[in-house]
Amino acid sequence: MKELLQLAWDVLLFRHETYARHVARTDALKRGLTLLVLVTLLAGVVSLVVNVVGDLRPMSIEARHQEAEQGIQEFIRSLGSMQQFFDLPPGFEREMRAYMQAGIGIGFDIEDLPTRLPKPVGRVLRDLGAFLSLPFSRLAGWMGYALWVLLVAKLLGGRATVPQMLGATALYAVPHILDILGFVDCLGPTLGLVATVWGIAIYVKALSVANDFSIGRAITATVVPTLVGAALALLGLLALLIIGLASG
Amino acid sequence: MKALIRLAWKALFLSEAPYAEMHNDSNPMLHGLVLVVLVALAVALAGLVGTALEWATTPNLSDIQGVMLEGIQQMPWYQELQNDPEFRETFRQQYKLWWRIFPSLFGAPNITQAAMNIILMPLGLGLVWLLYGVVAYLFARLMGGQGSLPQTLGCTALAAAPQLLNLVTFLPYVAVGGVVGAWTLLCRYVALKTCHRLTGGRALAATLLPYIAFLVLASFIACLGSAAAALIFGGGTSQ
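Here the protein sequences line up with chains Y and V, keeping their order.
At the far end of the first sequence sits residue 248, using this note's numbering, and the numbering has no gaps.
At the far end of the second sequence sits residue 239, using this note's numbering, and the numbering has no gaps.
The following block holds chain V by itself, in its conformation from the complex (with noise of 0.2 Å):
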């Protein structure tokens, strides 16, 4: 488990050692999935405690609600309208729908939904990894790749070392944001380039070419369920 981590460590300012090291791996599909797994686990431990921390100085959500409903209510435009009963009923419902949305959109502190991350964290990542992988390899053989799928499972397995900076989270409103995203990208492009031997240009377009098919295959699902929605609300109003 440590000599999976140091690798990680090493994967993460993209030598090819570590990916050759991966590469050569007597069972490379099952460590690259324990690597994962265990990424993930500590990532969401760390998110956990940061979670609780910020929970612990933050005013109860409920008391802010209430707080901002006084302050609204004194506010010009609502005593303009308050005399309207519809307008009373219908603010009421729309404020505690922007509740129910709002709080968790701008990131509100939700231990239990920390604490799920704890099983949905290895989950998801460990699905993107599976997701990523197959159709990478896929790519990588036809642009001339001689890795195999389980030496390229082990590979990109590496490239979810990044993930390893959201560590810091243990500590409350530390932002990573979008650094993640561009070193897993870049740890791919190294993984897929050492474990199918490709030229720059092959392995660049074996690394883009997963997320341009997601992406197709998103925007063809995205219009698939807007046409089905127009057709099954578009009928019923009809009716």
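With the rest of the complex left out, here is chain Y (with noise of 0.2 Å):
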């Protein structure tokens, strides 16, 4: 643990021999997948405690109305804002409101219907799915990428193996550590986009350290199968454009 610790701090701190140890080793890819599901699981266990706590809170059906009253006044002022762009008819307002109270009060009725097991277990169970969800989510992310990211690599003169590629790159959740706060206002999204920055620069760094090329090269690894897959959806978009006004 100690290990992977220091591993840690010195892939923050950009160490160059680090990076190059780790790309060395056997089991570069089990280090680098231990310590992308460690920072996810821990980035996200203030939140789970938040959740848990909140679904055992007994809750009175008065605060469980006033808090979803609550959300609906927010959304209907947006919708306020949004008047100055589009031409809502007369009323849609109070309509909307009308439909969105009704689909609150299924929700609490819902909500209310008897379980086999006690509540309490099933709202656990389900704030610990989605906790136990996060390393997954991140996980599918990073590998559909670094698939990607590998082939233009090889195109590039790469020399890195596939385990070695992966065990680099996953190197790049370490900053995401900093999501831990990510549940603070104005602060929390701060940090994320300074974990996804440090984030993306680290997985430069270890792309150029196990492939043995340049950083520019590193780069274009990262950045083609972004500007190729924006491209491709700019192309999709433009075809069902022509499609549409040929069809009338």
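Among these hints, one or two may not hold up.
[To be verified] Covered stretches of chain Y (in silico footprint by chain V; criterion: 3 or more residues with CB under 8 Å from a CB of chain V, positions within the stretch not fixed):
| id | segment |
| --- | --- |
| 1 | 17 to 31 |
| 2 | 88 to 99 |
| 3 | 106 to 118 |
| 4 | 123 to 129 |
| 5 | 134 to 140 |
| 6 | 159 to 167 |
[What the hints assert, rightly or not] Computed Cβ-Cβ distance ranges for the label pairs, DEER-style:
| id | chain 1 | residue 1 | chain 2 | residue 2 | range |
| --- | --- | --- | --- | --- | --- |
| 7 | Y | ILE200 | V | GLN93 | 52 to 58 Å |
| 8 | V | THR112 | Y | MET1 | 41 to 47 Å |
| 9 | Y | TRP148 | V | GLY124 | 27 to 33 Å |
| 10 | Y | SER247 | V | CYS223 | 17 to 23 Å |
| 11 | Y | THR115 | V | LEU224 | 25 to 31 Å |
| 12 | Y | THR26 | V | PHE214 | 31 to 37 Å |
| 13 | V | ALA20 | Y | LEU227 | 24 to 30 Å |
| 14 | Y | LEU193 | V | ARG197 | 42 to 48 Å |
| 15 | V | GLN74 | Y | LEU240 | 20 to 26 Å |
| 16 | Y | LEU240 | V | ALA228 | 44 to 50 Å |
| 17 | V | GLY181 | Y | PRO58 | 39 to 45 Å |
| 18 | Y | PRO58 | V | MET75 | 29 to 35 Å |
| 19 | Y | MET100 | V | CYS223 | 50 to 56 Å |
| 20 | V | ILE119 | Y | SER247 | 25 to 31 Å |
[What the hints assert, rightly or not] Under the rule of at most 16 Å between Cα atoms (straight-line distance), these lysine to aspartate or glutamate pairs were calculated in the EDC-like manner:
| id | chain 1 | residue 1 | chain 2 | residue 2 |
| --- | --- | --- | --- | --- |
| 21 | Y | LYS30 | V | GLU16 |
| 22 | Y | LYS205 | Y | GLU17 |
| 23 | V | LYS96 | V | ASP63 |
| 24 | Y | LYS119 | Y | ASP55 |
| 25 | V | LYS10 | Y | ASP27 |
| 26 | Y | LYS119 | Y | ASP109 |
Since the hints were derived computationally from the structure, they do not count as laboratory data.
Here a beta-carbon is modelled for each residue, glycine too, at the ideal position from N, C-alpha and C.
From these two lone chains plus the hints, build me the complex, please.
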């Protein structure tokens, strides 16, 4: 554990020897994955505690309705600010409020239905499930993207093996420990942005070390899949637009 | 059995050693089949436990259906239309139909289905393993590969290792998502590269070409199916 913490610290400080030693190890992927999973779980642990405590706290019916009503009011206010951009029909806000209230009423009625196990068990299991899903969601995004980066890196003359490449790029998750404060207003999103930029910089550095090529090539390999994806999405939209115009 | 699971665990981390070990095994195809069935059984059993827990912490579906119907019937648009008996009857039928389709689409816990997976999952995973293994073997040989069919099947069976991630579904509400698919693809790449001693590019082609072949085949069958349906139903309405 101490070794992993040292690795994480050195990664954050962009120490070249640490990256090189990590990539050269036979268990680089295992270590990278362990760090990624641990960081993601640690970052989510505060939210888990907050959610579990919130779900186990008995809440009166009035308080629940008040909370829901506040949510509706906020949404209606945001609708009002959008009115200058969209031509909303008269009475739209009133109707929207009525439907939202009806929908929330259905939600409360379903929430009050009996379950076979006590309700708090279900709530805690739901929170735990969402918490344990976090690493899988991060793994899916990272691995899916890494496949394309791997392909571009190979085309650019990269020499990393698949485990080396994945083991190195998994280190990008380390700064996301800052997501632990994600629930704090204003500070949370700011730290999230810092972690994202820091993570991208680590990704590029790790890619460069693993493939034994320049930072310039590493940036290219990192960016090209996004650019190709964006270009394809744009082309798709354009094609849809042309089809729509052609069909009248 | 223990050795096989240990081999699958090592294979998960994409090192070539476990794949080479399977390649040199005395009976790679049989051991591959045993591994695939074991993994599928373990995942299905974990899924059954998770589904049972989810079912026990979810209200009865028919109760939810009743509550939603009551809520909808109190909405202004329904009140406006409820005097039309034709609307009421159509709505009742459509509502019943939705409730037959949507719960399974949105992952409502179904214990019968989860129990059936104990049989269906080994069959499904086994079939996918066999189909992919045979087609990948053909493409790998086309690319100059040197492995035999049993060796290919043994090595690609190790690519079922990412399915082990699904074991976490013994806890309800955990979503494993797309990581298994991406990881399996990588394992298959390492499996074919090691088994057939291919270069990176050729191994990549041998890994991806079966996917493309299945996609083309599926599209062809879908086109054929819709053409046949158009012929049948088109003919039916014109009569």
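Hint check:
Under the rule that three or more residues need a Cβ within less than 8 Å of chain V, the assignment of the segment 17 to 31 of chain Y holds, with 4 such residues. Requiring three or more residues with a Cβ within less than 8 Å of a Cβ of chain V, the coverage given for the segment 88 to 99 of chain Y holds, as 3 such residues are present. Check on the segment 106 to 118 of chain Y: 8 of its residues sit with their Cβ under 8 Å from a Cβ of chain V, so the three-residue criterion for coverage holds. Counting residues of the segment 123 to 129 of chain Y whose CB falls under 8 Å from any CB of chain V gives 4; the rule of at least 3 is met.
Counting residues of the segment 134 to 140 of chain Y whose CB lies closer than 8 Å to any CB of chain V gives 4, which reaches the minimum of 3, so the coverage claim holds. Only when three residues or more bring their CB closer than 8 Å to a CB of chain V does the claim for the segment 159 to 167 of chain Y stand; here the count is 3, and the claim holds. Our hint of 52 to 58 Å for Y:ILE200 and V:GLN93 holds, since their Cβ atoms are close to 53 Å apart. Checked against the hint of 41 to 47 Å, the C-beta distance between V:THR112 and Y:MET1 comes to roughly 44 Å, which is consistent with it.
Between Y:TRP148 and V:GLY124, the C-beta spacing of about 28 Å keeps the proposed range 27 to 33 Å intact. Evaluation of the 17 to 23 Å hint for Y:SER247 and V:CYS223 yields a pass: the beta carbon distance comes to about 21 Å. For Y:THR115 and V:LEU224, the hinted distance range of 25 to 31 Å is not satisfied, since their beta carbons lie about 47 Å from each other. Y:THR26 and V:PHE214 have their C-beta atoms about 34 Å apart, which keeps the hinted 31 to 37 Å range intact.
Roughly 38 Å separates the CB atoms of V:ALA20 and Y:LEU227, a value that falls outside the hinted 24 to 30 Å. Restraint check, Y:LEU193 to V:ARG197: a C-beta distance of roughly 46 Å satisfies the suggested window 42 to 48 Å. At roughly 39 Å, the beta-carbon separation of V:GLN74 and Y:LEU240 lies outside the given 20 to 26 Å, and the hint is violated. A hinted range of 44 to 50 Å is violated for the C-beta pair Y:LEU240 and V:ALA228, which are about 28 Å apart.
Between V:GLY181 and Y:PRO58, the C-beta spacing of about 42 Å keeps the proposed range 39 to 45 Å intact. Our hint of 29 to 35 Å for Y:PRO58 and V:MET75 holds, since their Cβ atoms are close to 30 Å apart. Our hint of 50 to 56 Å for Y:MET100 and V:CYS223 is violated, since their Cβ atoms are close to 44 Å apart. At about 48 Å, the beta-carbon gap between V:ILE119 and Y:SER247 misses the expected band of 25 to 31 Å.
Taking the CA atoms of Y:LYS30 and V:GLU16, the gap is about 14 Å. The hint holds against a cut of 16 Å. Restraint check for Y:LYS205 and Y:GLU17: the C-alpha separation of about 12 Å stays at or below 16 Å, so the hint holds. Taking the CA atoms of V:LYS96 and V:ASP63, the gap is about 13 Å. The hint holds against a cut of 16 Å. Among the hinted pairs, Y:LYS119 with Y:ASP55 is consistent with the structure: their alpha-carbon atoms are about 10 Å apart, no more than 16 Å.
The suggested pairing of V:LYS10 with Y:ASP27 holds, with an alpha-carbon distance near 10 Å, which does not exceed 16 Å. Taken as a hint, the Y:LYS119 and Y:ASP109 pair is honoured in the structure, with Cα atoms around 14 Å apart against an allowance of 16 Å.
Consistency with the previously given hints fails for numbers 11, 13, 15, 16, 19, 20, ordered from lowest to highest.
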